[in-house]
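One line per chain: the protein sequences are A and B, in this order.
Following this note's numbering, the numbering of the first sequence begins with 1 at its first residue and continues without gaps.
Following this note's numbering, the numbering of the second sequence begins with 1 at its first residue and continues without gaps.
Just so you know, the hints here were simulated from the structure itself, not pulled from any lab data.
Since we're looking at a predicted model, the values are computed, not measured.
Warning: the hint list may mix true and false statements.
Here are the simulated distance ranges between beta carbons [as the list claims (entries may be wrong)]: (1) B/A82 x A/N115: 35 to 41 Å; (2) A/S165 x B/Q202: 52 to 58 Å; (3) B/G205 x A/R25: 55 to 61 Å; (4) A/T23 x B/D169: 49 to 55 Å; (5) A/A161 x B/A82: 54 to 60 Å; (6) B/R99 x A/S144: 47 to 53 Å; (7) B/A38 x A/G137: 22 to 28 Å; (8) B/E100 x A/E104: 38 to 44 Å; (9) A/D189 x B/E88: 54 to 60 Å; (10) B/R99 x A/A223: 33 to 39 Å; (11) B/E197 x A/A161: 35 to 41 Å; (12) B/L49 x A/Q34: 33 to 39 Å; (13) A/R25 x B/I67: 51 to 57 Å.
Idealized CB from N, CA, C, for every residue including glycine.
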Amino acid sequence: MSRGQDGAEQRLVTPGAAIGPATGRRVGTGALIQGDTIIATRVGLVRERHGTVSVDPVATTYMPRSGDLVIGTVVEARSNLWFLDINGPFQALLPMSLAPWKVEFGGTSDHADINDSLLMRVQEVDEVQNVVATMRGIGLRRLSEGAVLQVDVQHNDTLRAEGASLLKRLRDLSDCRIVLADNGRMWVDGEHAGIDWLRSLFRDVAAAGRTDALNNIVEQHAANAPNRGEA
Amino acid sequence: MMGGYGDVQLLKEDGTRLDGRAVDEMRPVEIKVGVLPAAQGSAWVKQGLNVAVCAVYGPMEAHPRKIQRQDRAVLDVRYNMAPFSTGERIRPGFNRRAREISKVTAEALESVVLLERYPRSKIRVEIEILAAEAGTRCAGITAASMALADAGIPMRDLVVGIASGKIQDTVVLDLDKAEDNYGQADLPAGICPNTGELVFLQMDGDLSIEEYNLAMEYNFKAAAEIHEIMVAALAAKYGGGEA
Numbered sequence: 001m002s003r004g005q006d007g008a009e010q011r012l013v014t015p016g017a018a019i020g021p022a023t024g025r026r027v028g029t030g031a032l033i034q035g036d037t038i039i040a041t042r043v044g045l046v047r048e049r050h051g052t053v054s055v056d057p058v059a060t061t062y063m064p065r066s067g068d069l070v071i072g073t074v075v076e077a078r079s080n081l082w083f084l085d086i087n088g089p090f091q092a093l094l095p096m097s098l099a100p101w102k103v104e105f106g107g108t109s110d111h112a113d114i115n116d117s118l119l120m121r122v123q124e125v126d127e128v129q130n131v132v133a134t135m136r137g138i139g140l141r142r143l144s145e146g147a148v149l150q151v152d153v154q155h156n157d158t159l160r161a162e163g164a165s166l167l168k169r170l171r172d173l174s175d176c177r178i179v180l181a182d183n184g185r186m187w188v189d190g191e192h193a194g195i196d197w198l199r200s201l202f203r204d205v206a207a208a209g210r211t212d213a214l215n216n217i218v219e220q221h222a223a224n225a226p227n228r229g230e231a
Numbered sequence: 001m002m003g004g005y006g007d008v009q010l011l012k013e014d015g016t017r018l019d020g021r022a023v024d025e026m027r028p029v030e031i032k033v034g035v036l037p038a039a040q041g042s043a044w045v046k047q048g049l050n051v052a053v054c055a056v057y058g059p060m061e062a063h064p065r066k067i068q069r070q071d072r073a074v075l076d077v078r079y080n081m082a083p084f085s086t087g088e089r090i091r092p093g094f095n096r097r098a099r100e101i102s103k104v105t106a107e108a109l110e111s112v113v114l115l116e117r118y119p120r121s122k123i124r125v126e127i128e129i130l131a132a133e134a135g136t137r138c139a140g141i142t143a144a145s146m147a148l149a150d151a152g153i154p155m156r157d158l159v160v161g162i163a164s165g166k167i168q169d170t171v172v173l174d175l176d177k178a179e180d181n182y183g184q185a186d187l188p189a190g191i192c193p194n195t196g197e198l199v200f201l202q203m204d205g206d207l208s209i210e211e212y213n214l215a216m217e218y219n220f221k222a223a224a225e226i227h228e229i230m231v232a233a234l235a236a237k238y239g240g241g242e243a
């Protein structure tokens, strides 16, 4: 493994590949210690930062954690709760007591019906992956305008890096309001041209897979952006 | 059934096989990943005339609930040969052979997939053999391992499926159809190329200890070669040089 400066390591590894000796280093996500060697557990790019070796995966699945901001789609409305698809292995449960509306028993679908998109936070995830969501919080609401795009979860860190500079650039270029959720979904609202531009951009990002390709793809698409003059 | 058919000549006078390969030479292998856009991860493996496609879905909630494990995910592997995969049409549907291969493939993959990361979940692995020429379970295992890696499922290692066998009292690597049908033994194995662990082993027919050792030596050598092709296939999709 090359010994670049912290954060400079960008080597593609596959599961089982030796990353380097474990002595004096910690392991982060996408890696584990086997004997005295750190090995990769996913296909991804090796990153070493402050003595912690991790692998930024090129593909991953969203696993909910307490506090995550998520966009859920209602799949079932029962008398006193909703079940929502949050793009993870398990559906999330939103009890009416954690909804922002005054809900009558049996009247859940008056407030959020099947296929409605809700911006929520994950309140609790137990050890067997039961997920409880809440809509009690600032900005949490039903998303009745705009569009929800799929953004592979592994790109979230890149989009939010350096004070979310890339996300701000996308907001400028598309002239859209953007909310990036933690569960591989992004809410965008604005003119059709801006939404279409973002949709096309993230289609290319998904095809590329690699997290380090994101900046290049944004640059390639910038020429066609609806608001390129003000970027 | 391995038993040998005595008078069928599978080796030429110069010691090479009917298709011109040396005894320790495997059939050409080609691998691609990300071939099925609807799947979370997918792979296509061509080994000789074998063609295997694998799609991975999940992790997802395991249904029916009785199959859920509270401490880990379950691997739901389905191996199937397409009716048109062989010269003689195969009756469609799950049969006893497919059930056995699905089971042993799941057990091989369970050794490397970090299932404890996804309690109560299921990871669906669908292996479809589009063309068969002996060694389809090995091609299926290789394809499944690649599709899991492509799906971002955490694993301790990749798994390579490869077989050796015995024809005319000679140990050979990677049996083709004639060798499989008329040979004396078949030894398919699932090998973790980085750790050298054996996660799957079957034997059909008889091998002496010396023959077994030689067959396994061939299997490990071929596994290293196939692993390089697997890594190159992942690098081709995701770019960059691999370790």
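Hints versus structure:
no.	hint	in the structure
1	B/A82 x A/N115: 35 to 41 Å	36 Å, holds
2	A/S165 x B/Q202: 52 to 58 Å	55 Å, holds
3	B/G205 x A/R25: 55 to 61 Å	48 Å, violated
4	A/T23 x B/D169: 49 to 55 Å	50 Å, holds
5	A/A161 x B/A82: 54 to 60 Å	46 Å, violated
6	B/R99 x A/S144: 47 to 53 Å	49 Å, holds
7	B/A38 x A/G137: 22 to 28 Å	35 Å, violated
8	B/E100 x A/E104: 38 to 44 Å	56 Å, violated
9	A/D189 x B/E88: 54 to 60 Å	59 Å, holds
10	B/R99 x A/A223: 33 to 39 Å	55 Å, violated
11	B/E197 x A/A161: 35 to 41 Å	38 Å, holds
12	B/L49 x A/Q34: 33 to 39 Å	37 Å, holds
13	A/R25 x B/I67: 51 to 57 Å	39 Å, violated
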